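Trainee: Chain residues, written in single-letter form:
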Amino acid sequence: AQTVTQSQPEMSVQEAETVTLSCTYDTSESNYYLFWYKQPPSRQMILVIRQEAYKQQNATENRFSVNFQKAAKSFSLKISDSQLGDTAMYFCAFMKSYTGNQFYFGTGTSLTVIP
Amino acid sequence: DAGVIQSPRHEVTEMGQEVTLRCKPISGHNSLFWYRQTMMRGLELLIYFNNNVPIDDSGMPEDRFSAKMPNASFSTLKIQPSEPRDSAVYFCASSKGLAGGNQETQYFGPGTRLLVL
Numbered sequence: 001a002q003t004v005t006q007s008q009p010e011m012s013v014q015e016a017e018t019v020t021l022s023c024t025y026d027t028s029e030s031n032y033y034l035f036w037y038k039q040p041p042s043r044q045m046i047l048v049i050r051q052e053a054y055k056q057q058n059a060t061e062n063r064f065s066v067n068f069q070k071a072a073k074s075f076s077l078k079i080s081d082s083q084l085g086d087t088a089m090y091f092c093a094f095m096k097s098y099t100g101n102q103f104y105f106g107t108g109t110s111l112t113v114i115p
Numbered sequence: 116d117a118g119v120i121q122s123p124r125h126e127v128t129e130m131g132q133e134v135t136l137r138c139k140p141i142s143g144h145n146s147l148f149w150y151r152q153t154m155m156r157g158l159e160l161l162i163y164f165n166n167n168v169p170i171d172d173s174g175m176p177e178d179r180f181s182a183k184m185p186n187a188s189f190s191t192l193k194i195q196p197s198e199p200r201d202s203a204v205y206f207c208a209s210s211k212g213l214a215g216g217n218q219e220t221q222y223f224g225p226g227t228r229l230l231v232l
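These protein sequences, in sequence, are chains U and Z.
According to this note's numbering, the first sequence is numbered sequentially starting from 1.
According to this note's numbering, the second sequence is numbered sequentially starting from 116.
Same shape as in the complex, but just chain U (with noise of 0.2 Å):
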């Protein structure tokens, strides 16, 4: 069974400054992808970046960026000049590439962005 960690329920982060969510997951799979979402107060979810495992130039979307460790199982988000806007949960979440496309989401990470 593929499992996804994320250690930090809670975490905040003075505007304007850098702040790296952690996801951590296990599975015995070559090949895969790898999807952070954000959960904001409206509980809408959406899409923030999504890695495929087989790449291994870490993706970037403006200011989120991933770490992507392989090796590690491991699956940060870093979020750069961080807004207002950016206060939600965030959710990793993983899946699996030729057996379906079930997703496998974490327990999610509660940013809060301090003014």
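If you are wondering where the hints come from, they were derived from the structure by calculation, not from laboratory data.
Quantities reported herein were computed from a predicted structural model and do not represent experimental measurements.
Be aware that a few hints might be false.
With a cut-off of at most 25 Å between alpha-carbon atoms, the simulated SDA-like pairs for lysine to any residue come out as follows [what the hints assert, rightly or not]: (1) Z:K211 / Z:L161; (2) U:K55 / Z:K211; (3) Z:K211 / U:R43; (4) Z:K211 / U:N58; (5) U:K96 / Z:E198; (6) U:K96 / Z:R156; (7) U:K70 / U:T3; (8) U:K73 / U:A53.
Since the structure of chain U is already known, use the hints to place chain Z on it.
Mentor: Relative to the frame of chain U, chain Z by itself:
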């Protein structure tokens, strides 16, 4: 694109009543997912469909829950009879299809907040 559409956005009902949640996936998406989110259990996959066919319903909690996808643009999740422990936010998500070429990315609807009294 309108995104994934769910209705109703909020539902309050009494124990024992039937509840039907509705979802319209993004046009052209072939996979549809129903999730439930609670504080205690986090985000759980209940069932997913591919090309209107249920692929995995192992997450459906019990026989009181049923889901259908009669066509590519509509799905329902029904709870009958409802119980207070069913209170949660129910999300529908869709994706283009199987893995590869960003087709696997799931896009979520706004959710239905269900309260069973």
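Trainee: Next, verify each hint and record whether it holds.
Mentor: Quick rundown of the hints versus the structure:
1. Z:K211 / Z:L161: This hinted pair holds, its Cα atoms lying about 19 Å apart.
2. U:K55 / Z:K211: holds, 21 Å
3. Z:K211 / U:R43: The hint holds at about 23 Å.
4. Z:K211 / U:N58: holds, 24 Å
5. U:K96 / Z:E198: The given pair, whose Cα atoms are some 34 Å apart, is violated under the 25 Å limit.
6. U:K96 / Z:R156: holds, 22 Å
7. U:K70 / U:T3: holds, 15 Å
8. U:K73 / U:A53: holds, 10 Å
The structure fails hint 5 only (numbered hints given earlier).
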